[in-house]
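> Chains as they are written, first to last, in our numbering: chain E, 1 to 370; chain Y, 1 to 353; chain X, 1 to 285.
These aren't lab readings, by the way, just hints derived from the structure by calculation.
Quick caveat: nothing in here was measured; it's all calculated off a predicted structure.
Facing chain Y, according to a computed beta carbon distance under 7 Å, are these residues of chain X, among others:
(1) GLY231
(2) VAL247
(3) ARG248
Don't be surprised by glycine CBs; every beta carbon is placed ideally from N, CA and C.
This is what each chain is made of:
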Amino acid sequence: MTPDLAPDLAPDLECVDLVKRFGDTTAVDNVSFTVPPGSFFSILGPSGCGKTTIMRMIAGFLEPTSGDIRIKGGSVLDVAPNKRPVNMVFQHLALFPMMTIAENIGYGLRRRGLPKDQITRKVGEALERIGLPGIGGRKVDELSGGQKQRVAIARCMVLEPDVLLLDEPLGALDLKLREHMKVELKALQAAFDTTFVYITHDQSEALVMSDQIAVMNHGRFEQVGTGQDLYYRPDTPFVAGFIGDSNRWTGRVERTEGEAIEMRTDSGLVMRASGAGLKAGDRAEIFVRPESIRLASSAEALSVFDNRLQGTVTSILFNGAASRILVEDGVGETLEVTLPQSGEFAALKRGDAVHIGWGSVQGTCFGRIA
Amino acid sequence: MTRTILLTSTLLAGLAGAAQADTLRLLTWGGYAPDDVVEMFEEQTGHTVEVTKSNNEEMIAKLRATGGGGFDLAQPSQDRVMGPQMEFGIYKPIDVSKLNQDLFIPSMLEATMKNTTVNGDVYGVPHVWGTSGLVLNTAEAGDTVKDYTDLCDPAVAGKVSYRLKRPTLIGFAFAMGEDPFAAYGDEAKYKEIMEKVEAKLVECKANVKTYWGGGDELMNLLRSGEVTASMAWDTGGWKLNGDNADITFVAPTSGALGWIDTFVLPAKGQADDAAYAWINFVMQPEIAAKITASAGNFTASAGADEYAEEGLKAKYQASFPQEAIDNIKWYPPVPAGLESIEGEVLDRVQAAN
Amino acid sequence: MRAETRIGFILLLTPLVLWLGLLIVIPHIDMALISLRERISFGVYEPSLAQYEKALTEPLYLRTFGRTAVMSVLATAITLLVAFPVAYYIAKMAKGRLQQVLFLLCLIPFYVSELVRTFGWMILLRETGLISSLMQWVGLADQPVEMLYNDAAMMVGLVYTSMLFMVVPLVTTLESLDDSVIEAGYDLGGNGWSVLREIIIPHAMPGVVSGCIVVFMLSLGNYLTPTMLGGKDSLWFTEMIYNQFIVRSNWELGAAFGFMLLVLSSAIVWGMLRLTGRTLQETMG
Numbered sequence: 001m002t003p004d005l006a007p008d009l010a011p012d013l014e015c016v017d018l019v020k021r022f023g024d025t026t027a028v029d030n031v032s033f034t035v036p037p038g039s040f041f042s043i044l045g046p047s048g049c050g051k052t053t054i055m056r057m058i059a060g061f062l063e064p065t066s067g068d069i070r071i072k073g074g075s076v077l078d079v080a081p082n083k084r085p086v087n088m089v090f091q092h093l094a095l096f097p098m099m100t101i102a103e104n105i106g107y108g109l110r111r112r113g114l115p116k117d118q119i120t121r122k123v124g125e126a127l128e129r130i131g132l133p134g135i136g137g138r139k140v141d142e143l144s145g146g147q148k149q150r151v152a153i154a155r156c157m158v159l160e161p162d163v164l165l166l167d168e169p170l171g172a173l174d175l176k177l178r179e180h181m182k183v184e185l186k187a188l189q190a191a192f193d194t195t196f197v198y199i200t201h202d203q204s205e206a207l208v209m210s211d212q213i214a215v216m217n218h219g220r221f222e223q224v225g226t227g228q229d230l231y232y233r234p235d236t237p238f239v240a241g242f243i244g245d246s247n248r249w250t251g252r253v254e255r256t257e258g259e260a261i262e263m264r265t266d267s268g269l270v271m272r273a274s275g276a277g278l279k280a281g282d283r284a285e286i287f288v289r290p291e292s293i294r295l296a297s298s299a300e301a302l303s304v305f306d307n308r309l310q311g312t313v314t315s316i317l318f319n320g321a322a323s324r325i326l327v328e329d330g331v332g333e334t335l336e337v338t339l340p341q342s343g344e345f346a347a348l349k350r351g352d353a354v355h356i357g358w359g360s361v362q363g364t365c366f367g368r369i370a
Numbered sequence: 001m002t003r004t005i006l007l008t009s010t011l012l013a014g015l016a017g018a019a020q021a022d023t024l025r026l027l028t029w030g031g032y033a034p035d036d037v038v039e040m041f042e043e044q045t046g047h048t049v050e051v052t053k054s055n056n057e058e059m060i061a062k063l064r065a066t067g068g069g070g071f072d073l074a075q076p077s078q079d080r081v082m083g084p085q086m087e088f089g090i091y092k093p094i095d096v097s098k099l100n101q102d103l104f105i106p107s108m109l110e111a112t113m114k115n116t117t118v119n120g121d122v123y124g125v126p127h128v129w130g131t132s133g134l135v136l137n138t139a140e141a142g143d144t145v146k147d148y149t150d151l152c153d154p155a156v157a158g159k160v161s162y163r164l165k166r167p168t169l170i171g172f173a174f175a176m177g178e179d180p181f182a183a184y185g186d187e188a189k190y191k192e193i194m195e196k197v198e199a200k201l202v203e204c205k206a207n208v209k210t211y212w213g214g215g216d217e218l219m220n221l222l223r224s225g226e227v228t229a230s231m232a233w234d235t236g237g238w239k240l241n242g243d244n245a246d247i248t249f250v251a252p253t254s255g256a257l258g259w260i261d262t263f264v265l266p267a268k269g270q271a272d273d274a275a276y277a278w279i280n281f282v283m284q285p286e287i288a289a290k291i292t293a294s295a296g297n298f299t300a301s302a303g304a305d306e307y308a309e310e311g312l313k314a315k316y317q318a319s320f321p322q323e324a325i326d327n328i329k330w331y332p333p334v335p336a337g338l339e340s341i342e343g344e345v346l347d348r349v350q351a352a353n
Numbered sequence: 001m002r003a004e005t006r007i008g009f010i011l012l013l014t015p016l017v018l019w020l021g022l023l024i025v026i027p028h029i030d031m032a033l034i035s036l037r038e039r040i041s042f043g044v045y046e047p048s049l050a051q052y053e054k055a056l057t058e059p060l061y062l063r064t065f066g067r068t069a070v071m072s073v074l075a076t077a078i079t080l081l082v083a084f085p086v087a088y089y090i091a092k093m094a095k096g097r098l099q100q101v102l103f104l105l106c107l108i109p110f111y112v113s114e115l116v117r118t119f120g121w122m123i124l125l126r127e128t129g130l131i132s133s134l135m136q137w138v139g140l141a142d143q144p145v146e147m148l149y150n151d152a153a154m155m156v157g158l159v160y161t162s163m164l165f166m167v168v169p170l171v172t173t174l175e176s177l178d179d180s181v182i183e184a185g186y187d188l189g190g191n192g193w194s195v196l197r198e199i200i201i202p203h204a205m206p207g208v209v210s211g212c213i214v215v216f217m218l219s220l221g222n223y224l225t226p227t228m229l230g231g232k233d234s235l236w237f238t239e240m241i242y243n244q245f246i247v248r249s250n251w252e253l254g255a256a257f258g259f260m261l262l263v264l265s266s267a268i269v270w271g272m273l274r275l276t277g278r279t280l281q282e283t284m285g
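Next comes chain E alone, as it looks inside the complex (with noise of 0.2 Å):
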C-alpha cells in the first residue's frame, strides 16, 4: 500500500491481500497484516487454518493465488526461496544429518561464497552467541533437542535474515524444555534484534513471546493485538473460545441497554454482560473466564455482582497456582471456577455447597448466527 516508504520506515514483512486456493478449497482467504521491524510475531491458530500455508508462502516455497508480500517495502513474489531475505527454522528443525555443527551453520555463508577464513570466523561467533561455543565438530545426533533447536536458529541468523520464520519449532520438545525454550528464544530475538514471524497452534507460546498475536481460523485473521487485547477484549468468539479457558452459555438476548445485555440461557438462566450490536431476540454466547468468577460461602458477600448463583462443589483440580474447582450450578451445568490462594477456601471439599458470582463486565457475549 506504501511502496514509496523509505526503506528504513517500512515494515520488515507486510502481507497484502493474501489469498492462496488449492483447488475449491480456499487455504488463505484475504489476509493482510504488517510486521514492525525488530518485532516478535505469532500466528495462533488450530491445525489446518491456514498459518503453515501463510508461512510457506512467505519462505518462497508456494506461491500466492493473489495478493502481493513485501519484505523491506519490496515485494518478493518474483524472488526464488534461495534469494529471498528470509530464513525459515522448520517444524522438525532440518538441519542436514550429513554435516557436522559447523557445516550446517555455514551453509548458507558457504553458498553465498563466502571465503573460508570468513566463514569459520562467523560459525564460532553464532555458537558464542547461541551459549554453545567449541560444539561445531559434532554431529547432529549428539545434541540434545534444546541445542538442536538453537543450532538450527543460529544457521539462519548468520545470514543476518530481513525476517526470520519459526514453524512451530517447539513442538518436538518436552514440556519442561519447551517452557525454558520459550524465554530463551525470546531472548534470542532481542539479542539478534531480527523479526520474527512464529507459527503455532499453541497460545501460551505465542502469548509469552509476542508483541503482536494474528488468531487465525479457518483462513482469515479473527483478531491481531497483544496478548492482552486476545486475551481480555477478544473480538470474536473463535478469540474469546480459542485464547485461554471459558465459561460459555448460549441463549437469546432479552434485552439491551447500550453495552449491556441481559441474556437468557438455554438453560433458563439470565445472564447479564457485555457485548456490543446486539439486539433483544437476538441468539448469543456469553463467555466468562474462571478467574473472573469469585466464590463465596455466602450469598451476601456477592451482593455487588451482577451475576448471582449456587451450586455444590464436584471436583477439585489441584494445580498448584493455577487450582480450581467445578461447580454443578442449579440447573446442571458445571462451571470451572479459580480457587483463590488465599487460603480461604482451603478447606473446601466435594459436595459442598458454595455461591459464585461475577459482575457484567467480566462477562463478553457475542451474537451468533442462526
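The hints should help you fit chains Y and X onto chain E, whose structure is shown.
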C-alpha cells in the same frame, strides 16, 4: 521318536521302491523322445520315462559332474563317446546281446560300435543321424555360396551367420582343402590347420552378422531374411523350407559333416534293463519313423524309411544327390587335447576385432 | 533354561550354517582345489599353478577380464544415472497411488524370465524389428537399421535388467530424507545443483553404494544379456567360464577364471566402499 524312525524308513523304502520300479531317466536331444512314443513305451513296458533335453557339451558336463550318475541313458554324438570315457569314465559298456541288432542298419551299427570302443568294450550304438552344412536362401545367396568359405564372400556381407563351435572349424578346414579328420592323430598338424582356419575366420568376421547360439535364434534370423546364408543342420533348412520355398539345406561342395547320435549307458545308471528296452523299442521301424517326424532327422533303424513322411524324403533327396551322400564327412572320435586347441582358436576368433 | 537357549540358538543358526557351508564354502573349496591342478593325461592330475599362469598371461583372457570389468562398471554408472531421477521422482514427487503404480512399473519386467526379457529386446532392436520398421515408416531411415549385436545394445540390456535393483535402495533412502531438509537447503540459499550435491546425494549415499554393489555384481555375473544382445565381438567373462566348463570340459581353467572373477568383484566392491568412505556394515545395515 519311534514314529520319526518309522516315517523315515517308510520314506526311504518309498524312494528305493521308486528306483526299482524302473524310472528311465533319459538325457537326450529335443525331439528324440516325443510324447506319443514315451506314452506307448510306458504303456507297453510299465516303466516310466523322465526326459531331460540337452546338447553334447552339457550332456558330458552333467555326467562328468556326477561321475556318470543322475541318468540311465544318454545320447551324445558318437565322436564324443570315446574321449570322455577315457578321460572321465562316465559311461559303462553296452551289452550288445541285449539289443535286437536286426533293427539297426548294419553298416551304421558297425561303424558306431567301432568308433565307441574303448579297451575292447563297446560303449555306444547309433540312433539318429544327420548332417550339418549350409542353409541358404537360394534366391539371394544360392549363386554365391557353394561352400563354407563362400560365407566370407563380400556379396553376402552382413547377411551371414554361423556358430562359434567346432563344426565350424572342421567345416572351414575341409572347405580350405585340408583334411582335419586325417590330422586327428597328429596334434602339430592339427594345430597348423586350425591356425589357418583361425586366420580365415578372423578375416571373415566382418562378414558375419552374429554368431548364432541356439536353433531358434538361427531360425528367426533366416526366416526374417536378416541372414541369407548360414552354417546349420539339415533339419533346420528343411523346416524353414516349409515356410519359404527359397530357403533350404545345401550340402557344401567340400562335403556335409555327418554326425550320429548314439545311445550310451551312464556309468552310474540304475535302470539298464529299462534302457535296453527303450533302445529296442524306439529302433522299431514304425517308432523310428515317429522320431524322424519329430526330430526331422533319419534314424539308424533298418526299414524305417518306408514309414517316413514323403515330404521329408523329398527334401532329403533334393539336398542330397548320390554324390553328396558319398561325400559326407563322418566325424571320427575326438581325441583328447584337440578340444583345447579348438577352444583357444574359438576364443581368439570371438575376441578378434 | 540356559541349555534351552543354547539349543534354540543352535536351531536358529543351523539353516544359515548349512546354507553357507553346503552351498557356498564347500563348493568353493572344491573349486579352489580344481583350479590348482593340471591335467597330465587321461584322469591324471597334478597340483600346479598352471591355470592361473595361463589366465594371467594369455592376452585374450586378460582383455576379456578387463573388458568385462570396465563394461560392468560402466553399466553400473549408467544405471545409477538413469535410476536416480526415477527414484527421486518416485520417492519425492509422486504421491499416493501414483507412487505405488510407478514402483510396480519398475517391477513388471521381473514378472517374466530374463530370457523372455532379452528376447523382447531382440524383437525391438533387430534389423527387421519394431524400432527399425518404425524408423523406416516415419522416414528417419531409408533401409533397415541394425541396432542389435553391439555394445550399446548390450548396455541397454544390462541397464534394463539392473534398474530395479538400483531404484529400490535409492527410493528407500530418498524416502527417509525429510522434505523439509531439502527445503531448508533452498531456504538457506542453495540452488538445485548444490542441494543435490550437498544434501540429497550425501543422504542417498548408502542407497547409492548398496545399489551400485548389487548392480555391479549382477552385470559382472550376467550371462544371457551379453551373449544374446552383444553379438560377435562381445565376449563376456562369464561366457568364458561357461565355455571352459561346459564346452571345453576344461574345469581347471574354468575354476581359475571363476576365482579371478570372485577376486575382481571383491576388489571393486572394496574399492567402491573405500572411495565413498563407508563400511560394508553401514551400507548393508
